[in-house]
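Chains as they are written, first to last, in this note's numbering: chain L, 1 to 112; chain V, 113 to 224; chain S, 225 to 336; chain H, 337 to 739; chain G, 740 to 1142; chain E, 1143 to 1545.
Note that these hints are calculated values from the structure, not bench results. Mixed in with the good hints, there may be bad ones.
SDA-like cross-link-like pairs, simulated, lysine to any residue; straight-line CA separation at most 25 Å [what the hints assert, rightly or not]:
no. : chain 1 : residue 1 : chain 2 : residue 2
1   : V       : K197      : L       : V65
2   : H       : K527      : V       : I154
3   : L       : K34       : E       : N1335
4   : E       : K1176     : L       : K72
5   : H       : K370      : E       : W1393
6   : V       : K222      : S       : S307
7   : E       : K1176     : H       : N534
8   : L       : K19       : L       : G105
9   : V       : K152      : H       : G683
10  : V       : K152      : L       : D14
11  : S       : K243      : V       : V211
12  : S       : K264      : V       : S191
13  : G       : K773      : V       : S195
14  : L       : K2        : L       : I42
15  : G       : K773      : V       : E144
16  : E       : K1333     : L       : Q39
17  : G       : K930      : V       : D126
18  : L       : K34       : L       : G105
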Amino acid sequence: MKKIEAIIRSEKLDDLREKLDASGYTAMTVTEVKGRGAQKGILLEWRVGEYRVEFIPKVKVELVVNAETVDKVIEIILSVCSSGKVGDGKIFISSVEEVVRIRTGERGQKAL
Amino acid sequence: MKKIEAIIRSEKLDDLREKLDASGYTAMTVTEVKGRGAQKGILLEWRVGEYRVEFIPKVKVELVVNAETVDKVIEIILSVCSSGKVGDGKIFISSVEEVVRIRTGERGQKAL
Amino acid sequence: MKKIEAIIRSEKLDDLREKLDASGYTAMTVTEVKGRGAQKGILLEWRVGEYRVEFIPKVKVELVVNAETVDKVIEIILSVCSSGKVGDGKIFISSVEEVVRIRTGERGQKAL
Amino acid sequence: MINSGDTAWVLISTALVILMTPAVGFFYGGMVRKKSLLSTVMMCFASLFLISVQWVLVGYTLSFGPSKAGLIGGLQWLGLIGVGQAPNPDYAATIPALAFMLFQAAFAIVTPSLIVGSFVERIKFGAFLIFTSLWSLLVYYPVAHWVWGVGGWLRALGALDFAGGTVVHVTAGFAALAVALVIGKRIGYGKDNMEPSNIPLVVIGAVLLWFGWFGFNGGSALAANGLAVSAVVVTNTAAAAAALVWMVLSWLHRRPSVLGVATGAVVGLVAITPASGFVDPLSALAIGGIAAAISYYMIVLRMKLRIDESLDVFACHGMGGLWGSIATGIFASQAINAAGADGLLFGNPGLLWVQIVTVAVTAVFSFIVTYALATLIDLIVGLRVSENEELVGLDISQHAEVA
Amino acid sequence: MINSGDTAWVLISTALVILMTPAVGFFYGGMVRKKSLLSTVMMCFASLFLISVQWVLVGYTLSFGPSKAGLIGGLQWLGLIGVGQAPNPDYAATIPALAFMLFQAAFAIVTPSLIVGSFVERIKFGAFLIFTSLWSLLVYYPVAHWVWGVGGWLRALGALDFAGGTVVHVTAGFAALAVALVIGKRIGYGKDNMEPSNIPLVVIGAVLLWFGWFGFNGGSALAANGLAVSAVVVTNTAAAAAALVWMVLSWLHRRPSVLGVATGAVVGLVAITPASGFVDPLSALAIGGIAAAISYYMIVLRMKLRIDESLDVFACHGMGGLWGSIATGIFASQAINAAGADGLLFGNPGLLWVQIVTVAVTAVFSFIVTYALATLIDLIVGLRVSENEELVGLDISQHAEVA
Amino acid sequence: MINSGDTAWVLISTALVILMTPAVGFFYGGMVRKKSLLSTVMMCFASLFLISVQWVLVGYTLSFGPSKAGLIGGLQWLGLIGVGQAPNPDYAATIPALAFMLFQAAFAIVTPSLIVGSFVERIKFGAFLIFTSLWSLLVYYPVAHWVWGVGGWLRALGALDFAGGTVVHVTAGFAALAVALVIGKRIGYGKDNMEPSNIPLVVIGAVLLWFGWFGFNGGSALAANGLAVSAVVVTNTAAAAAALVWMVLSWLHRRPSVLGVATGAVVGLVAITPASGFVDPLSALAIGGIAAAISYYMIVLRMKLRIDESLDVFACHGMGGLWGSIATGIFASQAINAAGADGLLFGNPGLLWVQIVTVAVTAVFSFIVTYALATLIDLIVGLRVSENEELVGLDISQHAEVA
Ligand SMILES: Nc1ncnc2c1ncn2[C@@H]1O[C@H](COP(=O)(O)OP(=O)(O)O)[C@@H](O)[C@H]1O
Ligand SMILES: Nc1ncnc2c1ncn2[C@@H]1O[C@H](COP(=O)(O)OP(=O)(O)O)[C@@H](O)[C@H]1O
Ligand SMILES: Nc1ncnc2c1ncn2[C@@H]1O[C@H](COP(=O)(O)OP(=O)(O)O)[C@@H](O)[C@H]1O
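So that you can see chain L by itself, here it is in the shape it has in the complex (with noise of 0.2 Å):
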């Protein structure tokens, strides 16, 4: 089973749950967190002049998967996701090893 982490623009959040969940991954979380990449901060207006805000509000979603959606699942973020424009963000994968449903206790594939 493969972690698919998608740190997002907020505002794509909705459309981007709406394709997954349209697709059939209606299993997410999502955690608002701040970032700083290629796009470095953004300018904000104080009383007079601005001040740069170093962190930009984004959201990171997280999905647990089979390893063989995870292309399909990259897909669909990218084609919600992809503006164009510094800022879009990043997918991260990495290896789950083990899943558990709290509700029954069931492991593995099944938990998904």
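Chains V, S, H, G and E with the ligands: place on chain L using the hints.
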């Protein structure tokens, strides 16, 4: 070393912390997340009628522990957090290669 | 590629970001978390007397970097965030299998 | 002759009503998504400073200046020249003319802020400022003159509007519907979560509105007398009755929500506004309770029609004001206010008829002029932000700030 | 004869006191866990609309209607029939009877909202509504009649309660203790974090309470005269002294907390309430300062006893009101208010005795009736939500909303 | 003879002004980082209870007691002995002396709370309390006596300061600059994000300030008369004009920010304060609009100089008050207030000169005394928290609380 990531109902956190404490697992990191799974969303009231909140507030509890103790911790989580109703959450286990205690710079097992 | 997850004191974030920036590690993701470890909780004041807050606000900084640079980053984190007092936090290192830059769809090293 | 008690009451009432405009901002701001919370607060706050200035320059004289054929005030009082510390007995004989002027300013300020609820989360801030300035000129000042100006044609007809059910709420409510139709739905409307971001802030807003409304209705007596007291009493009673009924309705549906009772209270306050100087407390219970039901089901209908009149200004203010104005024609009694008239229940169906005509004229006028105005602004400068700005939220895209 | 200055002052005082009920909601709401914040705000807001309606229908006449044997008011003024714009010289000769009625309504509204602090985070909303309606009927209206009604038996005894130390705070405080004992502790009490979720909201509440209290005490003069001014002065002074003392006490313990000074201020306001029309500013310093110490150590004791009277209504309002009523018997002076009486310090121990009797009777009465009422409601409909609902929080389980 | 209308107005004005001090706390609290939000709110709240007590004991008599050579009040009214319900015709003939006393208390309370903005996020709470107590004794009470006390030397000179442009804002603004220089920059100033943590709270504060300012300026007429009304009218007008101008300036720069218009409104209110009883609405437009531009560019300059006068008390209050006082010398007209004087525009350059002298003396006096006081406190107890306490934030380090 393994990382245990449990996504649980927020209202179970106090109980879980206490049980983990009692068994000697005092170190953990907690994040407020929002999730979506079998439970889909919940309905909340608007001025009139209701609206669906697609993501439900959950709590993610992360513990990095020795490989041997993983099962013990899973057991505790299951015993406290399983209500048998949809929305109880999931536990994900993955590998951690190295741990460093910032205070001392110690590494590995003894940094846990 | 490796993921470095550092759980640090919130008040160190500004300094850490600056030092990482200076060394060319500009990309990172930050999450507000609450933690518990050797430090147990802190005591806060109620109207009368005090109460223990079991979880202390911390900041989690995540950087995905090339395997070779891990030690350099750890060193920077230690230099900035180590005060020698309980509560300084931990660094966890794990493996990341793939990275995708959402903006371009690039993968691997060059997506970092 | 200036009476110090009357002056004290009108001054503090004015302060209360001015507080209502930012209160609308909090009430609305807590109901939108976090990414446009500040922009919503800002638009209401902007009504306050924008119309304050416009009113001093031209608004007061257009609304209350010597009448031109009953249609609009003359320009004699431009820049408040000639409006001083002495009373103007045409409007209020015991308080300085400037006190009446500022009390009325507060009404002119709050009215456009009400409309904000219809186009939150998608309007350009610049377009909003243009809209608000012109709307006051084209809709509010004329209607205020018709109903309240000496010589105004609806006033001459015998229309009763104690504190602005028609002038304030009907105009704002129908304008809101018009702009909503022109500007269109928010992206994702009916699909994405559009959850209220800050219900405590909504309650703070609602509570300050309730508080301010004592000045709104009580101050409209323009004196600290029995009538002012009576108006304050029925105001509180109608608000409470409406909140109670809304609670029951939402409970019948599923749960008694905080958002619901806050809305109900506001609807009750709206409905009692035109009647507040003419009815007794038991009538106020009826007016408030019925108002809640009307607005409640109007929202149900509005949602069925999938019109994104986002915060239901039409259902709450348009329908609330309409019902209140008609209810004045039913429940008004000269036993409460000798200077008023008897309504249907006291044997005078004529008043009801006048009230219906007044409301109808005002509603149609406001809807049509607003629709045309919004369309025009849309054509010339564009009402709506770009898709990306909307997705990012107005706080960042219009004001470069985050709540 | 109606005096416009007096009427203006009582009207605005009424508005201030009505604002206090939602202010209690913010004060309490910020102190509970986030998952029940809205529910706490909602219960206070519900006191406002529920009792507003009940008061118009039956509350006023039961409290102030022509006395039945000094025990309760008659039903002559049911639905406010006969309560009009003319003054009722029995209560206030220079303002409309309706003004006195609404000013008193504000007190009847705020009192049950104070009790909310004792059972937050675990009560069923329906049970709360039943409790509040019946509590007003069984405790508040009788006691208000005894102490303030013409012919009321405690009033006849010579009891002094300028603005409700006994009627409002002692009744609420002892009722709070009773309900807390019946409903029991929150799950996890004394074990889990029960941290205040929103201290800025607590401060907003406390500040609006301080502001509103000028109307509470100052308005109780029922005129804009020297006595009203004196009452406002001692109110501010006592609040400040109590906040200062609380700060010092909490600093001696460890740190001067914001929650502490906000609480201290409220306790000072409570304690000065019964005395506010009878004492001078230096006495106010003493009354406020001592009140803070009493309530502070009462909370220490309450926590030792592990009673989950969650937001210390008993310690703050029960003990604050009790001390204030007794202090009236000590510090009252006819030099401040000729219509009052001299207290112990001015050579009249008799007053102190009357005050003690009044407080004792009221406290015992409120405690017993409330205990019985809460027990009964618990038996019939159940006071408490299910365990799971409590864990999830009342906001979602009772109102389907999140703060 | 006490006039009930005047008394009602001064009482409610007092309540409004007292509300302003916590409002400053919200206004400032929302502008600092979250980790010091509560500490900021706390310092303003502490001004309220600390100075309330000090004023009753010594402040009033030092400020308004029988003059010692025009420099300071005598101690005759220590503990308010002799200050009663009868009017003191020296200050206000139609309201109780206690009413004038408490109205003035509100000014003495709010002034030190304004200074808080200069040293937020790094001052020791204990040092703050010492500073505030001594500052009031050494700066505020003397200056209040000079300008407003019967026999005060600046009053004798003919200086006009209707509601405290000099006494309140110039003293606070120049004091703020002095403390900022002594205490030094926040760690990370000019490098780390110091973003406002809660802009809605800033707006709540600004709105309550606007609301309270009607009492601040309108109440300064000490009667509910034409002058009070005129003062309220120009207050609202200047605030609106300044907000509008600030919006335009910040838009020219980049975006119209909420923080900007809230600041602009406050600056307009500051600037009109000394002039509010002497000018007409069109002058108010000018005074407010120009004030916004002055403060705006002063902040630009202050930022260039990299002085961490954190929330720009100097630019907003110091420069706003300075400009307003000078503007009084330009725009004042006896047509508005016969008891005032004509300004430059009405042919009397003498007044302008007096105003400049008054402002200069006050500014220099406040700056020097404050600088010395702050330096002394720093030497003896230390003004600043430790580096680690500052990094952790004052909420936890000074108050053991989190917002
Ligand atoms: N190497 C990394 N490690 C951790 N987080 C990263 C990394 N690179 C990017 N991110 C996250 O992704 C977000 C978007 O990155 P950015 O470089 O701005 O996007 P883009 O590649 O589209 O320009 C950042 O704000 C940060 O949260
Ligand atoms: N495959 C997954 N990937 C990421 N998060 C998941 C996944 N499955 C479940 N979750 C998280 O667990 C939470 C509970 O899941 P849910 O399916 O509702 O629980 P249950 O299995 O008890 O019905 C979700 O809200 C989500 O946060
Ligand atoms: N084993 C662990 N698993 C997950 N998080 C941990 C673990 N150990 C520490 N942490 C996180 O690190 C933070 C600091 O840990 P603590 O033990 O207080 O620091 P120190 O080691 O410097 O004393 C904790 O609050 C917690 O968030």
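Violations among the numbered hints, reported as their numbers in ascending order: Of the numbered hints given earlier, those the structure breaks are 4, 8, 9, 14, 18, listed in rising order.
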